[in-house]
Amino acid sequence: MKPDIFQAIADPTRRAILTLIAIQALTPNAMAEKFDMSRQAVSKHIKVLHECQLIKPEQAGREIYYHFNAQKMQEFDNWLAQFRRNWETQFNQLDEILSSIKEQKQ
Amino acid sequence: MNNNLLFDVTVDKAAKTIFIIREFNAGLPLVWDAFTKQEILDRWAAPAPMRCKTKYMDFKVGGRRFYAMINPEGEERWALQEYTSITPKTNFKLFNCFADKDENPELPGSDWDHTFSEQNGKTKVHISVFNESLERMERLAEGFAKGFTIMLNNLDELFATLQQE
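Which chain is which? The protein sequence lines are A and B, in order. Heads up, the first sequence is in the numbering used here, so the first residue is 52 and it goes up one at a time. Heads up, the second sequence is in the numbering used here, so the first residue is -4 and it goes up one at a time.
Treat the hints as calculated values from the structure; they're not laboratory data. It is possible that part of the hints are untrue.
Claimed, not checked - Restricting the straight-line Cα-Cα distance to at most 20 Å, the calculated cross-link-like pairs of lysine to aspartate or glutamate (EDC-like) are:
#1 Lys55/B x Glu71/B
#2 Lys32/B x Glu147/A
#3 Lys11/B x Glu126/A
#4 Lys11/B x Asp62/A
#5 Lys8/B x Glu126/A
#6 Lys48/B x Glu147/A
#7 Lys156/A x Asp28/B
#8 Lys11/B x Asp128/A
#9 Lys32/B x Asp146/A
#10 Lys88/B x Glu77/B
#11 Lys153/A x Glu77/B
#12 Lys50/B x Glu71/B
#13 Lys117/B x Asp146/A
#14 Lys117/B x Glu139/A
#15 Lys32/B x Glu154/A
#16 Lys119/B x Asp128/A
#17 Lys153/A x Asp28/B
#18 Lys117/B x Glu126/A
#19 Lys8/B x Glu147/A
#20 Lys8/B x Glu154/A
#21 Lys48/B x Glu70/B
#22 Lys153/A x Glu70/B
Given these sequences and hints, build the entire structure.
This is the structure:
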């Protein structure tokens, strides 16, 4: 099954990789070095991050550099703002109903 | 608008849970009814301009509510809820999933937990929503919320929050 953005972010190492890549695109080798991990372990994290589109590979000569995909993060942020607004609207509707029921009872 | 009433939405990404807190200017029995009685629910449980229509609701453990969210174009999005736990005037839990118009569930769904408490004539409702895949919920919500204005938030802010975790 394709990993989702939340599974990707739940892991502290992947969060650290994202934070680093947000500042500067890196090759898998550079990541392995910075995190003192095997190349194999780094590849696994890259795979998860890439599959949920949080990072994008870019070929530069013989090396592959991974970039942070800010747009993907923004999509989630937008969704959450919308989710919050929907609830806000619903609860404001409920406020009016509650006050009208209270008035009727008086 | 009651902007002085507490309202907060937070996400715990690692726990795949959304937390919603809202305070209401009414006593607990009335707020409890508003969340658990079909005739009141249908008046508020969809954000305008959408509306909510409950086909049937059986508020007891193991009972179900089958309802639709209807957008201004008249498109219906059906969903099923099953009540998994009820402690009267205190807490109720339900399992929610989308469904087709013939009540066939589209799994997976999400687990909802509602807790009610009253203080000084105001009632606080805590809701937590656990979703096996929040991204899936995100996609479904987006599909239905099409046409709504989207608020843009600052990416830097989001990133600062992620780093604090």
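Each hint, compared with the structure:
Using a Cα cut-off of 20 Å, the hinted pair Lys55/B and Glu71/B is violated, with the two alpha carbons roughly 26 Å apart. Our distance criterion of 20 Å between C-alpha atoms is met by Lys32/B and Glu147/A, whose separation comes to about 16 Å. This hinted pair checks out: Lys11/B and Glu126/A have alpha carbons roughly 17 Å apart, not beyond 20 Å. A threshold of 20 Å between alpha carbons decides the hint, and for Lys11/B with Asp62/A the separation of about 13 Å falls inside it, so the pair holds.
Taking the CA atoms of Lys8/B and Glu126/A, the gap is near 15 Å; set against the 20 Å cutoff, the hint holds. Only pairs whose Cα atoms come within 20 Å are accepted, and Lys48/B paired with Glu147/A is accepted, the gap being roughly 19 Å. Taken as a hint, the Lys156/A and Asp28/B pair is honoured in the structure, with Cα atoms around 14 Å apart against an allowance of 20 Å. Between Lys11/B and Asp128/A the CA atoms are separated by roughly 15 Å; this keeps the pair inside 20 Å, and the hint holds.
Our distance criterion of 20 Å between C-alpha atoms is met by Lys32/B and Asp146/A, whose separation comes to about 16 Å. Proposed proximity of Lys88/B and Glu77/B is supported: the alpha carbons are some 9 Å apart, at most 20 Å. For the hint pairing Lys153/A with Glu77/B, the CA-to-CA distance comes to about 30 Å; that exceeds 20 Å, so the pair is violated. At most 20 Å may separate the alpha-carbon atoms for a hinted pair to count; Lys50/B and Glu71/B meet this at roughly 12 Å.
The straight-line distance between the Cα atoms of Lys117/B and Asp146/A is roughly 12 Å, inside the 20 Å bound, and the hint therefore holds. The suggested pairing of Lys117/B with Glu139/A holds, with an alpha-carbon distance near 18 Å, which does not exceed 20 Å. Restraint check for Lys32/B and Glu154/A: satisfied, since their Cα atoms lie roughly 19 Å apart, inside the 20 Å limit. Restraint check: the Cα-Cα separation between Lys119/B and Asp128/A comes to about 26 Å, which exceeds 20 Å; the hinted pair is violated.
Between Lys153/A and Asp28/B the alpha-carbon distance is near 13 Å, which keeps this suggested pair within the 20 Å criterion. For the proposed pair Lys117/B and Glu126/A, the alpha carbon gap of about 36 Å is over 20 Å, so the pair is violated. Of the pairs offered as hints, the one joining Lys8/B and Glu147/A is violated, with about 33 Å between alpha carbons and a cut-off of 20 Å exceeded. Restraint check: the Cα-Cα separation between Lys8/B and Glu154/A comes to about 41 Å, which exceeds 20 Å; the hinted pair is violated.
With a C-alpha separation of about 12 Å, the suggested pairing of Lys48/B with Glu70/B holds against the 20 Å cut-off. For the hint linking Lys153/A to Glu70/B, the alpha-carbon distance of about 33 Å lies beyond 20 Å, and the restraint is violated.
Figure legend: structure checked against the earlier numbered hints; hints not met, in rising order: 1, 11, 16, 18, 19, 20 and 22.
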